[in-house]
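Asks: Next come the chains, spelled out residue by residue.
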Amino acid sequence: MDSLKALENRVASLANHHQKYIRVLHQHLDSLIDFLESSGNLMKVHLWTSSSHIEEEMELIVRLSDDIQTNVRHVSSYYALQFLHMNFRHQDILTLGISSGATIEMVYQQFMMNVGSDFRNLSRAYMKTLLDLYLPDWDRGDFFVCGVGTRADQDDIDVGIVTRDDADITTINQAMRSVTRDMLVYATPLHHYLSEHIGEQLYSTTVSEYQKHLEPEIRDMVIISELIGSRFILGGEELFREFHEKVTSRYYYSPDQDIRYHEGFLRGILGEARAQFLTPLSTDTISPKEEGLRIIKALLAAKKVIYGLEEVNAWDIIGALKAKEPHLSTQYQSLFMTTSFLEILKFQLQIYVTQEESFRLEEITPALRSQLADKMGYQAIGAVSAWDQLIIDYTRAVKEVRKFCEFLVNDTTAHLSSISIFRVMFEREPGRSNEEDGKSESKQPEESVAREFIEAARFFSGTRYWEDILIRLGSDQELQDGFIASLEALDEDIKNQVLGEYTEWAPYSPISLMRLITILLKRQENVLGDTVAVRMSHMFLEKLEDLSYATERLSKIFTRYPQYIHEFLEYLPESDFAYFFRIMNRPVVDENLEEPLSRLRSLCEIHEWSGHYFARFFSRVIASHPEYLNHLTDSHQLHEIALGLLALADVYPLLEDRKRALGEYYDLEFLRIGLGTMRGTDLRTTNSEFTEFCDNYMRKLFDVCTEEARIESAVEPPSTDRFAVLAAGGHAREQAYDDDYDIIALVDTDDEDVIRHATKVMTRMNREILKRGLLPQYRLGEILDGFVNPMSRVIAYLESDDPENFIDLSQLLGSRMIVGSDRMRDTINTQILDRFAISRKREYITRMVTEVRNRQNITGTCDREACNLKEAAGGLRDIEACALMLKAWLGIHEPLTQDLFHKIRREIPEIAADLDTLSASLYYLRTIRDLYRITVAAEDTIDPDYLARVGNIFKQSRRPELSDPERILEQIDTTLNDSMRAIDGVIWFLQESLAPEE
Amino acid sequence: MSFRYEIRLSGAGGQGLILIGKIIAEAAAIYEDKNATQSQSYGPEARGGASRSEVIISDSDIDYPKATNIDLLLAMTQEAADKYSNEIKPGGTIVMDSGFVHEAPEGDFKSHGFPITNIAEEQIGKKIVANLVALGIITELSGIISDDAVINAIRARVPKGTEEMNINAFRAGQNLIRSS
Chain L
1165 MDSLKALENR VASLANHHQK YIRVLHQHLD SLIDFLESSG NLMKVHLWTS
1215 SSHIEEEMEL IVRLSDDIQT NVRHVSSYYA LQFLHMNFRH QDILTLGISS
1265 GATIEMVYQQ FMMNVGSDFR NLSRAYMKTL LDLYLPDWDR GDFFVCGVGT
1315 RADQDDIDVG IVTRDDADIT TINQAMRSVT RDMLVYATPL HHYLSEHIGE
1365 QLYSTTVSEY QKHLEPEIRD MVIISELIGS RFILGGEELF REFHEKVTSR
1415 YYYSPDQDIR YHEGFLRGIL GEARAQFLTP LSTDTISPKE EGLRIIKALL
1465 AAKKVIYGLE EVNAWDIIGA LKAKEPHLST QYQSLFMTTS FLEILKFQLQ
1515 IYVTQEESFR LEEITPALRS QLADKMGYQA IGAVSAWDQL IIDYTRAVKE
1565 VRKFCEFLVN DTTAHLSSIS IFRVMFEREP GRSNEEDGKS ESKQPEESVA
1615 REFIEAARFF SGTRYWEDIL IRLGSDQELQ DGFIASLEAL DEDIKNQVLG
1665 EYTEWAPYSP ISLMRLITIL LKRQENVLGD TVAVRMSHMF LEKLEDLSYA
1715 TERLSKIFTR YPQYIHEFLE YLPESDFAYF FRIMNRPVVD ENLEEPLSRL
1765 RSLCEIHEWS GHYFARFFSR VIASHPEYLN HLTDSHQLHE IALGLLALAD
1815 VYPLLEDRKR ALGEYYDLEF LRIGLGTMRG TDLRTTNSEF TEFCDNYMRK
1865 LFDVCTEEAR IESAVEPPST DRFAVLAAGG HAREQAYDDD YDIIALVDTD
1915 DEDVIRHATK VMTRMNREIL KRGLLPQYRL GEILDGFVNP MSRVIAYLES
1965 DDPENFIDLS QLLGSRMIVG SDRMRDTINT QILDRFAISR KREYITRMVT
2015 EVRNRQNITG TCDREACNLK EAAGGLRDIE ACALMLKAWL GIHEPLTQDL
2065 FHKIRREIPE IAADLDTLSA SLYYLRTIRD LYRITVAAED TIDPDYLARV
2115 GNIFKQSRRP ELSDPERILE QIDTTLNDSM RAIDGVIWFL QESLAPEE
Chain S
20 MSFRYEIRLS GAGGQGLILI GKIIAEAAAI YEDKNATQSQ SYGPEARGGA
70 SRSEVIISDS DIDYPKATNI DLLLAMTQEA ADKYSNEIKP GGTIVMDSGF
120 VHEAPEGDFK SHGFPITNIA EEQIGKKIVA NLVALGIITE LSGIISDDAV
170 INAIRARVPK GTEEMNINAF RAGQNLIRSS
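First to last, the protein sequences are chains L and S. Under our numbering, think of the first position of the first sequence as 1165, with each following residue one higher. Under our numbering, think of the first position of the second sequence as 20, with each following residue one higher.
Don't read these hints as lab results, they were simulated from the structure. By construction, the Cβ of each residue, glycine as well, lies at the ideal position given by its N, Cα and C atoms. Treat the hints loosely; a few may be bogus.
[Said to hold, decoys possible] Using C-beta positions, here's what the derived DEER-type ranges look like: (1) S1625/L to H121/S: 53 to 61 Å; (2) S1625/L to N137/S: 35 to 43 Å; (3) A1266/L to E106/S: 32 to 40 Å; (4) H121/S to R2145/L: 32 to 40 Å; (5) R174/S to T1577/L: 45 to 53 Å; (6) N137/S to E1219/L: 48 to 56 Å; (7) H121/S to M1270/L: 50 to 58 Å; (8) S1195/L to K108/S: 53 to 61 Å; (9) K108/S to D1557/L: 28 to 36 Å.
[To be verified] Derived lysine-lysine pairs resembling BS3-like cross-links, with alpha carbons at most 27 Å apart: (10) K1453/L to K129/S; (11) K85/S to K145/S; (12) K1539/L to K1659/L; (13) K1169/L to K102/S; (14) K1376/L to K1410/L; (15) K1707/L to K102/S; (16) K1486/L to K1563/L; (17) K2119/L to K2034/L; (18) K1539/L to K179/S; (19) K2067/L to K146/S; (20) K146/S to K1453/L; (21) K1864/L to K1935/L; (22) K85/S to K1376/L; (23) K146/S to K129/S; (24) K1376/L to K1453/L; (25) K1486/L to K1453/L; (26) K1292/L to K146/S; (27) K1488/L to K1539/L; (28) K1539/L to K1563/L; (29) K129/S to K85/S; (30) K1539/L to K1169/L; (31) K1486/L to K1539/L; (32) K1292/L to K1486/L; (33) K1659/L to K1686/L.
Work out the full structure, taking the sequences as your base and the hints as a guide.
Replies: Next up, the structure:
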């Protein structure tokens, strides 16, 4: 028993489940040895070393006793010994292989092939021996056992047991029942998925039962996948071949047979593969099977049936594919290597950690980590531990798998499109008979296609991959119109029934159905009333609401295909938003999905609460960059990406690329800041960040456009010592979300060439600014007949008695220089602002007061049904006018920002209270304006019916006391009245102060 | 007279239901010399994130490996409770994680609701051992397998170094029943 002790010691280094074999040995090995000794056979059986004659030795063992159970216990002890020897032997060979310097993945692959082969031989011999005990003298031609899982898997053996229709099924099942029991107790458990789901639910299934189950439709992809990957283990080989001909071969591509089975398998298997892509990589678990191998094997099975390959294991199939698709040889070789790595990692985790398919990192102790990494040939390099390297390789491997397999999905989709039965349906032209499907009657597609499609699709009820159809439908408006018309034309009852059939897809393929509905909603966007698209989307959501796993599924879809959900929400009728959001507000069990779900909820909030102005902007940005949807909740990340784009605008060699990067920078920053506003970011932060990125954008754009103009005209552009671009209006006042950009471009020269050249720059800038959804406005330029105005012409205009020039002077006084030198700034200050506004402040203030009073007389106080925050008495324009008067009075050149009031307050403490009121009023009115712009529309006039949207943001920013629409209206009223009183106070002070000059 | 006891463990993927199915089957078959079968769902019904494992324990041969007349149903999600409670045999038992099952199904069966996942988190410090807490409850309520057999099977199924934590979780589940 020293040998047993030694074995036991070595087994202690393996995962706990190996103790099962030690337990068997403790219980029954003595008896086996006694029987072998007493019969003189001890030397004929390998107990303490691996045997190459396992089947023969098992046969010898079961001849030692007349009692079946004694024989079972003996042969099980022998099995336990050989099983452990086998694993140790292969571990030793692996260690040797790793140290040999051979390519490690090849060593892995060889190891897996050998251990798989040996395990299958050992378990096959054991099963056969048990069957011989339970079914002596049985005609093995009546049934066969096939393996339908991975050969090397030692945690369970997935088997199919198939019998002839006229076999003695009862006896076979009794024997298989006993074998199954013994395998569970002494060896590796058998799993009978096929028999559990087909036929009379016993351990075996007849050929006819398979045919009966599989013929009507494609339903259970697991069954079909297992059959396609089946490998003969024991029993009647002739029957195995016959079974393949009668049952399995229908899924292989052959133009001469009913193509629906092949198509159905591909639809099913591609759906399975895509479902795997949808699952985000776990952060706390490693699952080589779930995260990599399952996808690989699904797609290899697809290729296997397309090419009619006989190979069974992944490496052999990959080898065959290299020959079939030599242009992908390199990629297949890489897949070969990755498969080897993932297979051995899973195998070793099961040998050393636990016999599961997913392994929680926190459960793998440091000692186990070191052991595992060591067994796979990893060594620490510097500060990076062997285990860390292994995990890095694992992550890289599963990412590579997903990338290449996504390519294979698309590749297989192309094959699917070419053989699909639906191809014929969609390619049928209106009014032309379809000869291919043998129907002679002429059919108008609008009369048939949608219904015909769903009827034909019933056959594929268990599948969920319809990408080929959706791509076809999505790209062909004529087809969409025919499809929609064919639905609209149906009688109400039939229409509901057909729409109901479509929505039956919801549990299997919400992603396909969602995309179909999006295509229809988009096409019927401008059709009023109860369209088929609206009705289908409503029925779909009702269906989803009943699915308890809908939230998980949609979160997974969002992880991989966020744009699909975004597009769906973009066109979803508002009345159905609540439905969808209710589903998304359910909790999820899988913690890995909490983060994507949080992003998805954020997307829902954007769609629910954003106004058309922001929504349109949002959709435009997302259409070009759907990946931004993955960062919606991470403002910092969005900002980092934006800064990267800004940096790219400096390095791209082509100016067009620089402009594109700049545009993307602007869009992304606008999006980020808009999202911040929706989440309650403070006005001060919003305005400051908004102004910063706008200025960055304009400055860089100026540089690029200047360079472009220089290259085009081969003339050196005017320097910024003579050329300045000023922001006026809202952008000058650091106010966010203006939908126009007031620009004043000045040159300090009358040289026509310079003016022409500067105009070229501004023209190019205008073109780009327009692309951002901003309207460039040149009030002064329009009056002076050019985008770029020489200082001399501006001065002449201001000196004139034109009654309008006062407005332009105000715009200049409120402007902010974006591009230009200090010299240019000084020139503008001294020659324009000082000369016309500050040194003539009395005149300026008097004209401004008149302007304010006149406007107040015209606009009056706030109308609660349509309050204009800008023009109402005491509104934003009055406050800004007041600030301009104070600027002129104090001779301040600084732009009109929130901080300006603080500065003035220090200068004129006499009106501190009024200034504080104006500052607070400006803050509140701008806040409401910003929120209204983001959540309702880019308007200054407030419609009280939509104030709940503004109120919602106050709620989210934890200021619920300000969220009631009625309360907001009251507050606007109060603010405007306070503001008016403060403006009166300031005007009184200015008029009093200016009086001595009269 | 022979007995047959059917257990269905149902909930969501990642809740470790397959593992406790294996543990129960092995406890019965390997450590108590009973017959047992264990099956698990990986068919279409598992694709939505649902997970199901079935164990049948008998002292005689098991000819029919699917559970149809359930003695004990573990439901770790509302969907599982709604979907499977009608297959519990009269007088059978349902055990629910009340953190996820908010509307207990009604029927001719004994109903036990416990905040299983919360207990795992609060008493053991890890939500992931909620399955072992549930196993403790099942072991105690069913009374068909001994503590020792289950603990041996737990030891054989969990990674080295985590045995104590998993057994503590199992004990926490047992204590819920013993103290109620």
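Asks: Against each hint, give a clear statement of whether it holds in the structure.
Replies: Comparing the hints with the structure gives:
1. S1625/L to H121/S: 53 to 61 Å: 32 Å, violated
2. S1625/L to N137/S: 35 to 43 Å: Roughly 39 Å apart at Cβ, these two residues keep to the hinted range, so it holds.
3. A1266/L to E106/S: 32 to 40 Å: 55 Å, violated
4. H121/S to R2145/L: 32 to 40 Å: With Cβ atoms ~56 Å apart, the hint is violated.
5. R174/S to T1577/L: 45 to 53 Å: Holds: the Cβ-Cβ distance is about 48 Å, inside 45 to 53 Å.
6. N137/S to E1219/L: 48 to 56 Å: 53 Å, holds
7. H121/S to M1270/L: 50 to 58 Å: 55 Å, holds
8. S1195/L to K108/S: 53 to 61 Å: Given range 53 to 61 Å: violated, Cβ gap about 41 Å.
9. K108/S to D1557/L: 28 to 36 Å: Given a distance of about 50 Å, which is not inside 28 to 36 Å, the answer is violated.
10. K1453/L to K129/S: 39 Å, violated
11. K85/S to K145/S: Outside the cut-off at roughly 32 Å; violated.
12. K1539/L to K1659/L: 63 Å, violated
13. K1169/L to K102/S: It is violated: about 50 Å lies between the C-alpha atoms, which goes past 27 Å.
14. K1376/L to K1410/L: 11 Å, holds
15. K1707/L to K102/S: 16 Å, holds
16. K1486/L to K1563/L: 21 Å, holds
17. K2119/L to K2034/L: 25 Å, holds
18. K1539/L to K179/S: The given pair, whose Cα atoms are some 17 Å apart, holds under the 27 Å limit.
19. K2067/L to K146/S: 57 Å, violated
20. K146/S to K1453/L: Holds: K146/S and K1453/L sit about 23 Å apart, inside 27 Å.
21. K1864/L to K1935/L: Holds, because 16 Å separates the two Cα atoms, which is no more than 27 Å.
22. K85/S to K1376/L: Holds: K85/S and K1376/L sit about 21 Å apart, inside 27 Å.
23. K146/S to K129/S: At roughly 26 Å apart (the allowed maximum being 27 Å), K129/S and K146/S satisfy the hint.
24. K1376/L to K1453/L: 32 Å, violated
25. K1486/L to K1453/L: 23 Å, holds
26. K1292/L to K146/S: Violated. K1292/L to K146/S sits at ~43 Å, over the 27 Å cutoff.
27. K1488/L to K1539/L: 35 Å, violated
28. K1539/L to K1563/L: 23 Å, holds
29. K129/S to K85/S: With a Cα-Cα distance of about 22 Å, the restraint between K129/S and K85/S holds, given a limit of 27 Å.
30. K1539/L to K1169/L: Holds. K1539/L to K1169/L sits at ~23 Å (cutoff 27 Å).
31. K1486/L to K1539/L: 30 Å, violated
32. K1292/L to K1486/L: Distance ~36 Å between K1292/L and K1486/L Cα, so the pair is violated.
33. K1659/L to K1686/L: OK: K1659/L and K1686/L at ~20 Å, within 27 Å.
Violated hints, in rising order: 1, 3, 4, 8, 9, 10, 11, 12, 13, 19, 24, 26, 27, 31 and 32; the structure is consistent with all others.
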